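Two chains, two frames, a set of hints: combine them into the complex.
Order-wise, the sequence lines are chains A and C.
Take 1 as the starting number for the first sequence in the working numbering and just add one per residue.
Take 182 as the starting number for the second sequence in the working numbering and just add one per residue.
Hints are supplied without guarantee of correctness; some may be wrong.
[Claimed, not checked] Simulated pairs of lysine-lysine, BS3-like, Cα-Cα distance not exceeding 25 Å:
hint, chain 1, residue 1, chain 2, residue 2
1, A, 119, C, 184
2, C, 184, A, 130
3, A, 146, C, 191
4, C, 191, A, 160
5, A, 146, C, 192
[Said to hold, decoys possible] Covered by chain C, according to a simulated footprint, are these stretches of chain A (three or more residues, beta-carbon under 8 Å):
hint, segment
6, 16-26
7, 132-146
Read the hints as simulated data drawn from the structure, not as lab findings.
Please read all numbers here as calculations on a predicted model, not as lab measurements.
C-beta atoms are modelled at their ideal positions from N, C-alpha and C, and glycine is treated no differently.
The residues making up each chain are set out below.
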Amino acid sequence: MQNGESDVLNEFQRGDAAAFETLFHQHQRAVYFWILRITRNPAAAEDLTVETFWRVYSAHARFEPERGFEGWARRIATRAALDWLRARRTESELSTEMLSKVAAPAEADPAVTAEIRLKTAMAFARLPPKLRIAATLTVIEELPQKDVAAALGISVAAVKLRVFRALRLLRKDLEKQGITP
Amino acid sequence: MNKDDQDRMKKLLQQALPPVRRDAEPRHDLWPAMLRRLNARPATTVWAGFNSAWFDGTLAAGLVALIASSPASIPVILYYL
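Only chain C is shown next, with the shape it has when bound in the complex (with noise of 0.2 Å):
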């Protein structure tokens, strides 16, 4: 896609989804949002880190198999990141 395809493209772009109105705000204050969302129980608890962390660690472990496995999935792989 050369220079002019790009900026064709950006020009439709634009006319698909024009800027947000620079004077968009909350339609109310959200402190008291806030507020309600601090008493809230803690939405992260040991054990969902725990999952979390485990998780982690076995995708990442999944990874490395894959890339070890098939070194050509590498860019597939950059590509998605």
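Just chain A, same shape as in the assembly (with noise of 0.2 Å):
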């Protein structure tokens, strides 16, 4: 860590306003993407940025400046997207369009209809919130479990537990839907 840097971080764990907007313009845009993969909701994910970044100016006493600020950041991020996971029901705002608004474009398989896939997402949005943050970031963003794990608060044994799970209720949703995966 530099010495700019290091004094930055020192400042705002002491409540420096000017050493936080220096923060916020740093990691405003990880953080936003961090939340966006999570919830793939451009609007919330904005939204979602600034409540962050308030829990991190609230809870700036509690910081420690030599274990960095992204981790830190990431995992309060993390919270929140999850907080707003559980407090609405994504499934009824999926539809086509907007699952392709966000996403990259991927090699569609012949084989899966877009019937398939739509389904699939309202399933998938369907499943406990802890699951669905655990698949999200491991099996579509296919970020390393340990990641994951630090942002999260738990283990990587726990991370591959969650995205079992599922897995598991996903597969039984479609399966009731009549789709065999």
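This is the structure we're talking about:
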């Protein structure tokens, strides 16, 4: 960690507003992108980025500069996104249009129809938020399990278990709809 | 669910929900919104904090009572944690 960066972190920890503004501008894109990966909703990701930095600012006294800012902010962002997922039914907002708005173009498997994709997305949205976050970050976003574990504040083994449970519940839901993966 | 089943489910999920575009970023600078949030009245008051602590305490006491009266519920509680 460079001296200038270290100074900003120490000043932020003491509650300096200018240091907070510097950190906000340095990290807002990364925090936004992280939250977007979880919520897949750009408007919500913007609101939650502000909410995350509000929580960050409120908790400045508990911040440990030697442990770095990014991981700490990411954990807070993950909790804010989890609260958001718990508070609303994203299933009702899903549509093919919405799904393609934020996603990168994927190589479509001709055997998987648009209807199956939408039903899968809707079934996924019905999963418990804790399982959904773990599966989103590891399976869809293909992030390293240790990074996901750190963001969620759990062990790698717990991440694996949540992903397994998410996939199992998803398969059961799809089977009920007559879709055999 | 075996390894093949898991791999099939992963592929289906990736087809249904591709990853977010790497170039995604906010539509505008969020600092003005942050300033408005900072200048707004704090959401948490002393009374709200008290209510929250009271609620957490009641919830914890309820859980302990449930576990004491029905130890068989422990796996169910752990499952939903």
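Structure-based check of all given hints:
{"no.": "1", "hint": "119(A) - 184(C)", "in the structure": "holds (23 Å)"}
{"no.": "2", "hint": "184(C) - 130(A)", "in the structure": "holds (22 Å)"}
{"no.": "3", "hint": "146(A) - 191(C)", "in the structure": "holds (19 Å)"}
{"no.": "4", "hint": "191(C) - 160(A)", "in the structure": "holds (13 Å)"}
{"no.": "5", "hint": "146(A) - 192(C)", "in the structure": "holds (21 Å)"}
{"no.": "6", "hint": "16-26", "in the structure": "holds (count 3)"}
{"no.": "7", "hint": "132-146", "in the structure": "holds (count 6)"}
No hint from the list above goes unmet by this structure.
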